[in-house]
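**Q** Produce the entire structure from the sequences given, and follow the hints as far as they go.
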Amino acid sequence: MLNSFWGKFGQRQNLQQTAIIDQPYKLFEMFASPGRCVNNLTVINPEVLLVNWERVEEDILASSTTNVAIASYTTASARLVLYHFLEKLGRRVLYYDTDSVFFTAKPDEWVPDTGDFLGQLTDELADYGPGSYITEFVSGGPKNYAYEFLNANKGIIEPVCKVKGITLHYSNNQKVNFNVLKSMILDKEAPNVVEVIDKQIFKDKFFNILTKDATKKYRVNYTKRRRLSNSYDTLPYGYKGAL
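FYI, the working numbering numbers position 161 of the sequence shown as 161, with every residue one higher than the one before it.
No lab work stands behind these hints, which were simulated from the structure alone.
Hints are supplied without guarantee of correctness; some may be wrong.
[Unchecked claim] Each computed DSSO-like pair below joins lysine-lysine, with the alpha-carbon atoms no more than 30 Å apart:
| # | residue 1 | residue 2 |
| --- | --- | --- |
| 1 | Lys182 | Lys154 |
| 2 | Lys188 | Lys205 |
| 3 | Lys175 | Lys106 |
| 4 | Lys182 | Lys88 |
| 5 | Lys162 | Lys224 |
| 6 | Lys182 | Lys106 |
| 7 | Lys154 | Lys188 |
| 8 | Lys175 | Lys205 |
| 9 | Lys240 | Lys224 |
| 10 | Lys164 | Lys182 |
| 11 | Lys188 | Lys203 |
| 12 | Lys143 | Lys212 |
| 13 | Lys205 | Lys8 |
| 14 | Lys217 | Lys164 |
| 15 | Lys199 | Lys143 |
| 16 | Lys143 | Lys240 |
| 17 | Lys203 | Lys162 |
| 18 | Lys240 | Lys188 |
| 19 | Lys175 | Lys188 |
| 20 | Lys164 | Lys212 |
A quick note: this is a predicted structure, and the numbers were derived from the prediction, not measured.
**A** Structural data, given as structure tokens:
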């Protein structure tokens, strides 16, 4: 619901468009139109041009599928549901994002309902069998975490690492993984930057799809909260309550 409604109702209306021009009068009309702004011209061959253009702000027509109020209501409602869980879990929360929560739990403590319906959370470990649980968890910032969990089906401990912007294939997973992230957080002597090579897919001006090697640097990154001194806890910027 969040991805479908919020994404569509909040969609930007003035997207850049592309036109193929093979007649001189069409190019003249493009430049003469007061409602269009030509951003780029690319020569395909002596008789064909590729034109990138967008509408000027005064000429943008409201779409019947765009509504900022509904988009705001949808994403705000999702965050209220998330806050409901955070309020009940309190200091047991280890990490949370827009649609996920990592928390500690003892046998007699409250846990959120899980399921596939609106307002329920999905147990990401359910596929590994009843009794699967996380044994260790570390986070290096937003969308940057790793954990080890007991796979009940196999009876072994397995690692999981999630880092936004880095493809964790076999080669990169040797450099960025649970143990590396854990050491970067706990060990002050550990390197604070790890370089990985990633494949970057891009499109040139002739719409050819190309791939090239790109170097990316991984590091622990706390930009949305401040980390307490001599502690692994974090607080929002501006927090003035009791620690």
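**Q** Please go over all the hints and tell whether each is borne out by the structure.
**A** Hints, one by one, checked against the model:
Distance check on the hinted pair: lysine 182 and lysine 154 sit about 24 Å apart at the alpha-carbon level, within 30 Å; holds. A threshold of 30 Å between alpha carbons decides the hint, and for lysine 188 with lysine 205 the separation of about 46 Å lies outside it, so the pair is violated. With a C-alpha separation of about 33 Å, the suggested pairing of lysine 175 with lysine 106 is violated against the 30 Å cut-off. Under the criterion of a C-alpha separation no larger than 30 Å, the hint pairing lysine 182 with lysine 88 is consistent with the structure, at around 28 Å.
For the hint linking lysine 162 to lysine 224, the alpha-carbon distance of about 18 Å falls within 30 Å, and the restraint holds. Pair hint lysine 182 plus lysine 106 holds up; C-alpha atoms about 23 Å apart against a cutoff of 30 Å. Between lysine 154 and lysine 188, the direct Cα distance comes to roughly 35 Å. Violation of the 30 Å bound is thereby established for this hinted pair. Distance restraint check for lysine 175 and lysine 205: the Cα-Cα separation of roughly 34 Å exceeds the 30 Å cut-off, and the hinted pair is therefore not satisfied.
For a cut-off of 30 Å, the pair hint linking lysine 240 to lysine 224 stands: about 16 Å separates their Cα positions. Straight-line distance between C-alpha atoms of lysine 164 and lysine 182 comes to about 17 Å, which keeps the hinted pair within the 30 Å bound. About 41 Å separates the Cα atoms of lysine 188 and lysine 203, which puts this hinted pair outside 30 Å; it is violated. Proximity of lysine 143 to lysine 212 is assessed by CA-CA distance (about 25 Å); at most 30 Å being required, the pair is judged to hold.
At most 30 Å may separate the alpha-carbon atoms for a hinted pair to count; lysine 205 and lysine 8 meet this at roughly 28 Å. The hinted pair formed by lysine 217 and lysine 164 meets the criterion: a straight-line CA distance of about 12 Å does not exceed 30 Å. As the CA atoms of lysine 199 and lysine 143 are separated by approximately 20 Å, the hinted pair is consistent with the 30 Å bound. Taking the CA atoms of lysine 143 and lysine 240, the gap is about 26 Å. The hint holds against a cut of 30 Å.
A C-alpha spacing of about 26 Å is found between lysine 203 and lysine 162, which places the hinted pair at or below 30 Å, so the restraint holds. Taken as a hint, the lysine 240 and lysine 188 pair is honoured in the structure, with Cα atoms around 28 Å apart against an allowance of 30 Å. A distance of roughly 18 Å separates the Cα atoms of lysine 175 and lysine 188; the hinted pair therefore holds under the 30 Å criterion. The hinted pair formed by lysine 164 and lysine 212 meets the criterion: a straight-line CA distance of about 19 Å does not exceed 30 Å.
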